[in-house]
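On the provided structure of chain D, position chain L as indicated by the hints.
Chains D and L, in that order, are what the protein sequence lines are.
Every letter in the first sequence is one number past the one before it in this note's numbering, and letter 32, counting from 1, is 32.
Each number in this note's numbering corresponds to the 1-based position in the second sequence with 202 added.
Worth double-checking, as some hints may not be accurate.
To be verified - The calculated PhoX-like cross-link candidates involving lysine-lysine, where the alpha carbons are at most 20 Å apart (straight line), are:
#1 D:Lys58 to L:Lys253
#2 L:Lys215 to L:Lys253
#3 L:Lys308 to D:Lys195
#4 L:Lys215 to D:Lys51
#5 D:Lys13 to D:Lys51
#6 D:Lys106 to L:Lys397
These are computed hints drawn from the structure, not numbers from a lab.
Number of protein chains: 2
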Amino acid sequence: MTASHRRPVPLAKCYRLLNHGPTVLISAAHDGQRNIMAAAWAMPLDFQPPKVTVVLDKSVWTRQLLEGSGTFVINVPTLSQIDIVETVGSTSGLDISQEQGLDKFKAYGLETFAGSHVDAPLLEGCAGWLECRLIPEPHNQNQHDLFIGEVVAAWADERVFSEGHWHFEGHDELRTIHHVAGGHFLVIGDGVDGKVLPRSAD
Amino acid sequence: MTASHRRPVPLAKCYRLLNHGPTVLISAAHDGQRNIMAAAWAMPLDFQPPKVTVVLDKSVWTRQLLEGSGTFVINVPTLSQIDIVETVGSTSGLDISQEQGLDKFKAYGLETFAGSHVDAPLLEGCAGWLECRLIPEPHNQNQHDLFIGEVVAAWADERVFSEGHWHFEGHDELRTIHHVAGGHFLVIGDGVDGKVLPRSAD
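Just chain D, same shape as in the assembly:
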């Protein structure tokens, strides 16, 4: 359990949970049902107020729940959760053989905790979480499958993210994962600093 390591992230720095491009899990809940899915196409959109954008295909059930509730959560999963990410990215919560949709949380034994501002469940064991309120934009949603949200609360596992920076050293199992295609991911590595070059003489 990571509850004891979970700390709030100031909204001014919450974009840093996504800035390095991790693959994320989007969760949403509405009208007694809930779902979670993988999304590699998510990024920050603004600093203040903090906004994010994520691409959700028309076929996914999480999108329906998100549109119904007007809220969602971006969970930033870890290397130790890679099979969960692959699983919820490869299965649908909509199962037409059942009366109700498949509850992936129950089907795969996923533990959750409640957010502070949204109905969507937050997945235990992630490295970071962003609670988001949907900013409805019909053109972007219908034309591009692009959803925009304002971040209203954010959290991180202090073992790997604190003071606005990631520090994965000593916690390889908590490193973020970055999907390429077909269940193949790249794990994030260590930090390095860039410096500004001098201009050439001429």
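Below, chain L without anything else, positioned relative to chain D:
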């Protein structure tokens, strides 16, 4: 020079150059001037035809060139270029003390080569390149600083990307870099595969 290692990437797989969330360099040229800037907020938007989206602040000169020409390039830089990324992300091509804007390519000794479909220069030494045609969307551009492009050609350094997959092993200097904040980056690590979990018994 990487020219001898540069290979075309099929458009159906070009999203994989961005899917793992690298920080990129956006280049554009218009009316005899050119510029290049860093952008951490870029991602794929669609597979077929391949589209991408990138956030460009109203203050940046590259945005003006991109709007003028209707084309741009997403360059995927490498660890060996980290100081270039930090430099072009920290300086402006608009220098009001000069009659013309600062040519960052000349000021910092950046070598380029020509694309196949666009006016924008492609930066030598990157791991990948996506030539893009702007899909004008005034609302997204004005309201969200969000620009959408269709990828019309793509290239990669075959030493680290081929057959639709990254393979950085043995080429650490060509790994992609992922900005967190303030010139601090995370370097991408090695690959790992996820697998789909069985459903619980109940």
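Now for the hints, and whether the structure bears them out:
1. D:Lys58 to L:Lys253: Holds: lysine 58 (chain D) and lysine 253 (chain L) sit about 17 Å apart, inside 20 Å.
2. L:Lys215 to L:Lys253: holds (11 Å)
3. L:Lys308 to D:Lys195: The given pair, whose Cα atoms are some 18 Å apart, holds under the 20 Å limit.
4. L:Lys215 to D:Lys51: The given pair, whose Cα atoms are some 28 Å apart, is violated under the 20 Å limit.
5. D:Lys13 to D:Lys51: Within the cut-off at roughly 11 Å; holds.
6. D:Lys106 to L:Lys397: holds (18 Å)
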